[in-house]
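Colleague: Here is what each chain is made of, one letter per residue.
Protein chains: 2
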Amino acid sequence: MDLKGYLSDKRAIINQALKEVLPEPVGPAAKVIESMGYSLFAGGKRLRPILCMAGAEVVGGSATAVIPVACAIELIHTYSLIHDDLPLMDDDDLRRGKPTNHKVFGDALALLAGDGLLTEAFNMMTSVKLSEALPPHLIIRVIGLIARSAGFQGMVGGQVVDIQTERQKINLSTLEFIHACKTGALITASVASGAILGGGSESDIKTITSYGKRIGQAFQIADDILDVEGDFNDLGKATGSDERKGKNTYPKLVGLGGSKKLQKKLVADAIKTLASFDHRADPLRALALYIIERKK
Amino acid sequence: MDLKGYLSDKRAIINQALKEVLPEPVGPAAKVIESMGYSLFAGGKRLRPILCMAGAEVVGGSATAVIPVACAIELIHTYSLIHDDLPLMDDDDLRRGKPTNHKVFGDALALLAGDGLLTEAFNMMTSVKLSEALPPHLIIRVIGLIARSAGFQGMVGGQVVDIQTERQKINLSTLEFIHACKTGALITASVASGAILGGGSESDIKTITSYGKRIGQAFQIADDILDVEGDFNDLGKATGSDERKGKNTYPKLVGLGGSKKLQKKLVADAIKTLASFDHRADPLRALALYIIERKK
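Protein sequences, first through last, are from chains A and B. First residue of the first sequence? That's 1 in the working numbering, and the numbers climb one at a time after it. First residue of the second sequence? That's 1 in the working numbering, and the numbers climb one at a time after it.
Next up, chain A with everything else stripped away, as it sits in the complex:
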């Protein structure tokens, strides 16, 4: 299949929908709307929303109907990057080739822009448009899934352990915990929420969740590898930052060769997981490969 065309079509749809999320930055709180928009349109790949739409399609659901949820997940992803870049966290100056949010708007506004994006994500999932298109009990189920994947049992939990274990020697199972929570949980929730809202059976949702966990782990390993081998111009930020910060990564724990072998195995397993699906799973198959072949 033509993944490049698929990605660019879906990305255009998501970018268009995201443009409607925020009002014009006018009024007393204009600055925070500007700050939220700055990071939301800083050149993200829109991988999570695309996974959500593909997750709906694979079970025969409508990719269009899930757009508000797909966008909400992108807002949550964006909030996590803003908070993660703050001086009190990873203290990063560049993201996707642009100054990070707090470098442009200051720390307080960056904090609040992150809070605003996270909160607005949940508002979006209650939109009239979504409630008219999909059964309310499925919407509630998906809000819960996404909240847990982003919260202390998921992304927030992973960030905590990531920060706490900097410059410490950890074992592979702790690293797997960090990666599964910090990155894997929201990626898994993206594709699983698509499958839930698309009307997938419990067995379909289980299969898609297994697929999500595998590509989620592969995604973070690919990120770790890019931080060693990537190109500044592709990444939009300096490589070697994990090393400088004393972060625990796959290359550090199992070497570059071991990391590449592992990510390939995960992607192969993810594709195998989809064996019972027909051609409608082709985007998910192609996305699994894209995740480890991407340059940024």
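Watch out, some of these pointers could steer you wrong.
Chain copies aren't distinguished; within one or between two, either way the pair holds.
[Unchecked claim] Taking lysine-lysine pairs in the DSS-like style, the calculated list, with each CA pair at most 30 Å apart, reads:
{"no.": "1", "residue 1": "Lys31", "residue 2": "Lys252"}
{"no.": "2", "residue 1": "Lys295", "residue 2": "Lys260"}
{"no.": "3", "residue 1": "Lys31", "residue 2": "Lys247"}
{"no.": "4", "residue 1": "Lys296", "residue 2": "Lys252"}
{"no.": "5", "residue 1": "Lys169", "residue 2": "Lys245"}
{"no.": "6", "residue 1": "Lys129", "residue 2": "Lys206"}
{"no.": "7", "residue 1": "Lys19", "residue 2": "Lys45"}
{"no.": "8", "residue 1": "Lys169", "residue 2": "Lys31"}
None of these hints come from the bench; they were simulated from the model.
Keeping the supplied structure of chain A fixed, place chain B upon it in accordance with the hints.
Modeller: Then chain B, alone, in the frame of chain A:
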């Protein structure tokens, strides 16, 4: 009515329910669970959850059924305090007589504990218990209302303007905007979501929302006055902090006398708003008075 008994009964119910929100702090992410719990059980008045329960009762609904939402609102309130106290925001060392979250757990963990509480609030509102007790479309409506009241159109928006106008001269309408967003929106959403989930008519919900806006504004004026006239031992923090930070407050803009007059008028108006309700509105009437008579 015996407001003291009412408050202490409801507070006990909420505290018991909140105890079940967080798991035991074990496992790799134990520290963030501990940090979330530290602030959640730091002696809050539980005013917002009580308003939510009273909002359900006034329209003849079940106060027990709305407990997960009442607790979720308290989590959102607690997150806002943790982020607000961070050095990059108000930089406060004491809250309710105890060291603030970041003073105990460090800035990064405090940030993440706030993020975790905000996110978990939305997970709580999708609980099976709630979905079994109440119609799903009302739950979705309330999740949206609470998200908007906490987000850039509400609390976050108010915080932004509050921070940006420090040490600046502003007019009364900007101060009203800050107060309505920063404090009023979530207080209004607390009582309105109770009325929605309690099965109130659209007219009831409108009335309760008007009541909420008035007590929300009165609450913030009372806070401003307490910061001038309050007692350290009651408040658990030093007074005069608004003055030191150059915050815009009602006492600063209209004087102490003007502020007291205004809060009394707001409470009288709030009580008048409830005229069409019977004795079931007595708790809301008493709560309106409590809001300006409290010592902390």
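Colleague: State the violated hints by number, sorted upward, taking the hints as numbered earlier in the document.
Modeller: Those not satisfied: there are none.
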